[in-house]
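Please build the complex by placing chains B, C and D on the supplied structure of chain A, with the hints as guidance.
There are 4 protein chains.
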Amino acid sequence: MISRSIFDNISPLDHRYSMRSEEFEEYSRYLSERAKIRYQSEVELALVKALAKNGICSEEVVKEVKQAISELSPEEVYAEEKKTRHNIRALVNCIQKRVSEDAKPYIHFTTTSFDIVDTANSLRYKETAEELIVPTLKKLEKVLMEIALREKDTVQVGRTHGQHAVPVTFGFAVAEYVSRFGNKIHAVEESAKNLRGKISGAVGAYNASHLFFDKPEEFEADVLAELGLKASTHSTQIVEPEYITDFVHSLISAFGVLASFSDDMRHLQRSEIGEVGEHFGKDQVGSSTMPHKRNPINYENVKSMWKAFMPHMVTVYQDQLSEHQRDLTNSASSRFIPEIIVGLLSSVNRLIRVCEKLVVDHENIKRNFEMNKEMIVAEPLYILLASYGHPDAHEAVRKLTLESQQSGETLRGLIQKSEELKPYWEKLTDKQMELLINPEKYIGIASQKAEKVVEYWSEKLDIELD
Amino acid sequence: MISRSIFDNISPLDHRYSMRSEEFEEYSRYLSERAKIRYQSEVELALVKALAKNGICSEEVVKEVKQAISELSPEEVYAEEKKTRHNIRALVNCIQKRVSEDAKPYIHFTTTSFDIVDTANSLRYKETAEELIVPTLKKLEKVLMEIALREKDTVQVGRTHGQHAVPVTFGFAVAEYVSRFGNKIHAVEESAKNLRGKISGAVGAYNASHLFFDKPEEFEADVLAELGLKASTHSTQIVEPEYITDFVHSLISAFGVLASFSDDMRHLQRSEIGEVGEHFGKDQVGSSTMPHKRNPINYENVKSMWKAFMPHMVTVYQDQLSEHQRDLTNSASSRFIPEIIVGLLSSVNRLIRVCEKLVVDHENIKRNFEMNKEMIVAEPLYILLASYGHPDAHEAVRKLTLESQQSGETLRGLIQKSEELKPYWEKLTDKQMELLINPEKYIGIASQKAEKVVEYWSEKLDIELD
Amino acid sequence: MISRSIFDNISPLDHRYSMRSEEFEEYSRYLSERAKIRYQSEVELALVKALAKNGICSEEVVKEVKQAISELSPEEVYAEEKKTRHNIRALVNCIQKRVSEDAKPYIHFTTTSFDIVDTANSLRYKETAEELIVPTLKKLEKVLMEIALREKDTVQVGRTHGQHAVPVTFGFAVAEYVSRFGNKIHAVEESAKNLRGKISGAVGAYNASHLFFDKPEEFEADVLAELGLKASTHSTQIVEPEYITDFVHSLISAFGVLASFSDDMRHLQRSEIGEVGEHFGKDQVGSSTMPHKRNPINYENVKSMWKAFMPHMVTVYQDQLSEHQRDLTNSASSRFIPEIIVGLLSSVNRLIRVCEKLVVDHENIKRNFEMNKEMIVAEPLYILLASYGHPDAHEAVRKLTLESQQSGETLRGLIQKSEELKPYWEKLTDKQMELLINPEKYIGIASQKAEKVVEYWSEKLDIELD
Amino acid sequence: MISRSIFDNISPLDHRYSMRSEEFEEYSRYLSERAKIRYQSEVELALVKALAKNGICSEEVVKEVKQAISELSPEEVYAEEKKTRHNIRALVNCIQKRVSEDAKPYIHFTTTSFDIVDTANSLRYKETAEELIVPTLKKLEKVLMEIALREKDTVQVGRTHGQHAVPVTFGFAVAEYVSRFGNKIHAVEESAKNLRGKISGAVGAYNASHLFFDKPEEFEADVLAELGLKASTHSTQIVEPEYITDFVHSLISAFGVLASFSDDMRHLQRSEIGEVGEHFGKDQVGSSTMPHKRNPINYENVKSMWKAFMPHMVTVYQDQLSEHQRDLTNSASSRFIPEIIVGLLSSVNRLIRVCEKLVVDHENIKRNFEMNKEMIVAEPLYILLASYGHPDAHEAVRKLTLESQQSGETLRGLIQKSEELKPYWEKLTDKQMELLINPEKYIGIASQKAEKVVEYWSEKLDIELD
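Protein chains in written order, with UniProt numbering: chain A, 1 to 466; chain B, 1 to 466; chain C, 1 to 466; chain D, 1 to 466.
Just so you know, these hints were derived from the structure itself, not from any lab. Don't take each hint at face value.
In this list, chains with the same sequence are indistinguishable; a pair is considered to hold if it fits within one copy or across any two.
[As the list claims (entries may be wrong)] Quick list of in silico lysine-lysine cross-link-like pairs, DSSO-like style, CA-CA up to 27 angstroms:
hint, residue 1, residue 2
1, Lys460, Lys215
2, Lys215, Lys431
3, Lys97, Lys422
4, Lys441, Lys427
5, Lys399, Lys83
6, Lys427, Lys452
7, Lys431, Lys82
8, Lys193, Lys139
9, Lys215, Lys441
10, Lys399, Lys431
11, Lys460, Lys230
12, Lys460, Lys193
13, Lys399, Lys357
14, Lys215, Lys427
15, Lys139, Lys452
16, Lys82, Lys366
Excised from the complex, chain A in its bound form (with noise of 0.2 angstroms):
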């Protein structure tokens, strides 16, 4: 059953979520199983590449190692799995078979199985993070980046346990989002740069290779040269597992980020608010029996991808146990780590989509703003009876809005009529009273600030806005 329908899959990255066929081929390209092999060759290539260089075997023998890998497939290293039952001496194999007998001793020559596998899975993650992990990442962070400055002056209410606080904008709001996914970004950046191959060997003292190099490290230097990698300080069988843990997190965490913007933007859209809409198509059914509703059926999706990628991490922290100088318990654990990457890129494809189309409402924004115009006064009129010397300002403004809400009256209203606070009141400047009054102008700098917050990120993450 080489070939089959998506249907027969058991992972809904293999089926349901696989689709879109150009992101999945993409995805696939670089983290399917065919894309696994390919990289495991390329480390073959460039350990015979290093061996020409330092004379050890001829530059034909690249040649013919760089013609055999370019016609190897998947199906053949399997077939000769089989029989070998070890991944990578199938792999050795395959290659071998394809060669002269002169180039045959060179192939894999010195090394272990996972001299080859870490430094290819490595390589993968890197070039991944590299060429589609961060751009895509990048193209969600610009669509976020032009809703904080498009909407950076809608006055909107804040919100903090859910009730209304002091005011924002919508902009603003976006804005952190920009920030944190950016900061992410950069992360994922950082540790994808920094993961790191090994040519140290069965157990990572170089044993083997040290029977021909007397510094058998540089020649693993000019191996890893070859696809841009570097050593890790010390490896056993295995490179140091802290660097793909890290590489993990910046994954996992930079999902959180979405995850949060998700469930904000899920919220949004509650009936009661509705601030924010999902486009939908003229045809889309909301829902099987209630032809009236519109869901945030790409929100919830997103929050739901992290609920189930998110856990992978203890996978990983537990991958970091090896006995010695390594057992295999992390070998089938670790196959998984693409899921998570396909998990994370299918949902922000998604945002993409779904924020290119991101219906703000601004009639119910204002509405919602104005619900609690009023109280919002609370916070600014307590810090200015403090700072004209009222002793017990925050007491005395919360009796009163307990008071506002009984009887309905404003806080101003009430203000005046006190005889402890009028006098207070009668201190205020202009502006100041008049940002009590109008309170939508109580937002601080949230307009700026998001200006700022995409500048800052834009500049740091080298994204152009149009």
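Chains B, C and D in isolation, oriented as in the chain A frame:
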């Protein structure tokens, strides 16, 4: 890309770990997207059956739907979903297209999507448990039982903290897993039987079905009875999440037992211990660079798969939270539950293969036992001294062992030289003395216990031994 | 520093969340280190009781031990442990110091530390469950039941995806949690009852006890019977881990139900929704800077505690793995299980307090319901159209809702204007039409269901309602 | 119950693992509730300092606040909180009570609770890292470095999959952990330095401070500069969560390195291996029933603590999600972060004690190495055969090892008897032959590597070796 090479897939479950076609086809029969749609169709069919039973529609409608769903393909449903962007509405449309105008209104009648989705999931996990999971688990249990019986008299040094303690038998050691795994097989059976369905409509209050039925819960019971299911005590748009939570817990904790067993077997294969082995094929390669290696790769793989899937439980716990009458943030995440099942089953099948050929090296078991044979006597010695009235037997023997380690003399030699202890020695019965002289007899009831455990669980789980 | 200010403690459970003295004393009575040592002493006592019963020692010894353990303090045991560096040996020494020379040999006779430790833990968790956990959980369950009954007729808009769906009643919504939490209370009871002990010695083969008993399993049963416990089918140095795994799972999944409930209550308190409230004390401050804020802090706290403790399950799953006849890597980790219990209980006690004073704002509930009253009609309308033979009722109504949203007209107004749909409208019975005109009647059996659920669980859990 | 016996506490960190008074007092100085309140007071002080600097209040106010906070006790603050039910308002009230009427208004001026809470947490974690965590970690690192250097020439068999592979040295094996742990110490340092504060008010838009400052970000910078902190690029009511997420990740992943190290040390203490030991006190009891046992209890404890604390990362990831300008569901959960730190530190301190007395059994190391000495030759042999042109060297040697295992003859003996292989043997240089005859020389550059790794990290981390 509806059909593709498995090597383009992302999940190892869909490429590398799907290479054994027969096993994979079984997993796929229950746990693929194709299977999911088939089970959803079954629920739609059960619905019209119950409608017919209640005289709402004719038996003809049932026949039409039966025919319709037998022809349905996931390809068709997904093509329709592209338009509706709603998977169950797509399924309903596909069924409706295939039935007469008269039958159309009864398809999906009064139900909401998740009446179908949740009921179908409960149905398929229940059937998967009955027909695939439990039988596979029992097959492994039987293999373990056979080893436990076969090796019930094989004296082996007991190990606590990796240190030689007092003896057991290898059969007794395996009986531990017969018991723990048996316990969990039972739990899988019970929790699967307890999975629930629902036909209570969009928010669980039977709003729609109450339009047509005075006692809509009875109608719900009718539909579910067709599928061998019961309703949960209460439901919203979805079934109460705890039934599936408990089911997955039973799987994950069963997996934990196997991870512990695999760890034991791994360590018993250490070069210095060598008490068990995996049978190696004649052509099998242990290491790509160290031709002499025979690695415990299968047990390592099982431990590794457990590390990959155990943390998925965190997802399931998070999915207990759903806002009000539900949000959809459990939708994508719960689609990954089949991965857990396949991860477990593929490990169980692996263990069946490897345990069937488990090689026990009786010589090494004996050699290891002999290593500390004399020290083993410390425990019964201290207990017997105490029982004969020594006021501080533990301390006396502890010092004796230190002396023995330094001098190389046996404990019983030292005792007879000790003025203080000699009198106690002389009180010992012949049988007691024999035990101190032949520590391999100090195995308690290890052998009988192995038998009893096997007997208990073979009865409880109805596993017939050959 | 044997005694110190709670403000020097590290764990919030031992400072901030231990401020309610009465509650904390209860937790401490069962779950502190003092309690642990008390339970371990109980097991040592049960041991000599069974020895006396079997004629190995005299009843006098039992009396001596009973007296001795009544005088023991953890301070004394820990002082002794400083010397022995072994906690159970320290306990044994402390008991031995307090009894006669004749009695000394029977203390800890034939047992290993973990016979005591594991049996004592099962005993204390079982007793904690019976005497503290389950009663506390039931107290909350009763409060929920009372709300469900009180509000069974309070029509509330049902919400799926945060969107208004079709109506339920608030009592029905709370009944969801009566059912889910009831289910889990039952699970806690059952899994606690099922906790097991062991008196099978250092490696579980009864090596030592077999020196004195032909049927050592019967002796074990005698000891455990004194404590109301049973043995596990098999044991090594420790009880099979799965009994405690299942117990903690029941606690964690019960916690999940409460987290979901708390999320619902939080969101119903959103400024825009305002359907429920926490009763605020007259002097209570909502925010240090925004005097008008009334935050759902208690529900937020419960959700937060769940986030803190749910992941502890990962520890418990890892502790299923123990090498050979045991390693000690579960020792420190399992000492933290009491934290999980106290985390849960303190959240339950918090919810009892806050739910007893739950304020339901019937006006807001009504206001929110009215918001989309007309759209709610979409569901019954489509179903009725379908039942009267409309070939594509869902699609027809979906389009109608779009039209209604744009034009502001009611659905039933639009239908009567539609040439295509009017004939269907005219077929409706009076009762059906009434429902479409008064959507608040479209609540299915929400009200009865609330009653039934409460009745079912009050019987099942033996909770008497006032 | 403000003061109580530690044996009444719930958390093992507050009873059992707090018995070493000196260590505990250090933890408590930074991580107790007392410490927390002290740090929050520091932030309130920094605030008035910045106000004074900006000419808003006088230096007198600073003095008053300084005096006031020096007198504050947590007892007092908690007593006040009983009334306000708000912890920061309680702190503010307590400070205000102690200052003059003139100073009162400037306390907490323009800030929101979480300006104080989050800034104080960043400050204390940063200081804890600098003053306690990193120095403690470096102390362990130094001990490891010393072992690595001391044992750099101790030939030890390398182990992969628990199987003897090719040799390393014990110093090289320890250097692995010098490198991995060094890497993580660096990460802890960097992530702690990067912790951020905020003084941006209730929703992060500087609403209140903008009433008084044209450039409120500069005022924020002034406050934070007093504390050695910087602001995050954007904040809401809280600091962006990712800074603390990254910090905790650095701690958890550092812990993982130690768990792996501890696993290695545990296994090297197995009875059959016996290469290292924990120094046991003369009076220390290994087992309550087996007086001869010497268990690796400290390494087991570290592994166990890692299992207890690693999953806490899941809490931290969940706390990345906070609705809108924040909800409070991260409040209780983040109070448990000090537990993680103390869990780690107490394990590190344990390892320092035990590693300082690490006993290496050179005889056993040699004995184990000799066990498979001849088979070790397989790797260099195959590589040399290949380099001399053997077309299928791996396969040839693999078969030879099987033959050797069956016949008991050495590989080099068999080669010289083999007609096919003998010609290759004769091509070997003297040096190569010597290696095949003395496998203990086949250690690659293990010894130099140990030195280099120590040198690299001692420089990078500025650790002076004696």
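With identical chains, the pair Lys441 and Lys427 could be close in the same copy or across copies; at 27 angstroms between alpha carbons, which is it: within, between, both, or neither? within (20 angstroms within a copy, 57 angstroms between copies)
Lys399 and Lys357: within-copy, between-copy, both or neither at 27 angstroms Cα: Answer is between; shortest inter-copy Cα gap is 22 angstroms, intra-copy 44 angstroms.
Identical-chain pair category, Lys97 with Lys422, by Cα at 27 angstroms: Between copies only: 25 angstroms across chains, 95 angstroms inside a chain, cut-off 27 angstroms.
Are the CA atoms of Lys399 and Lys431 at most 27 angstroms apart within a copy, between copies, both, or neither? within (25 angstroms within a copy, 51 angstroms between copies)
Classify it for me, Lys82 with Lys366: is the Cα-Cα distance of at most 27 angstroms met within a copy, between copies, both or neither? Answer is neither; intra-copy 67 angstroms and inter-copy 36 angstroms both fail.
Intra- versus inter-copy proximity for Lys431 and Lys215 (alpha-carbon distance at most 27 angstroms): between (75 angstroms within a copy, 17 angstroms between copies)
Is it within, between, both, or neither for Lys460 and Lys215, if the alpha carbons may be no more than 27 angstroms apart? Classified as between; 23 angstroms across copies, 40 angstroms inside a copy.
If the cutoff is 27 angstroms on CA atoms, where do Lys431 and Lys82 land: within, between, both or neither? Let me know, please. neither (81 angstroms within a copy, 38 angstroms between copies)
Could you place Lys427 and Lys452 in one of the four classes (within, between, both, neither) given a Cα distance threshold of 27 angstroms? Answer is neither; intra-copy 34 angstroms and inter-copy 63 angstroms both fail.
Is the C-alpha distance from Lys215 to Lys427 at most 27 angstroms within one copy, between copies, in both cases, or in neither? between (81 angstroms within a copy, 24 angstroms between copies)
How would you classify Lys399 and Lys83 at a CA-CA limit of 27 angstroms: within, between, both, or neither? between (82 angstroms within a copy, 15 angstroms between copies)
If the cut is 27 angstroms between Cα atoms, do Lys215 and Lys441 qualify within a copy, between copies, both or neither? between (69 angstroms within a copy, 16 angstroms between copies)
Hint compliance for this structure: hints 6, 7 and 16 are not met, and every other hint is.
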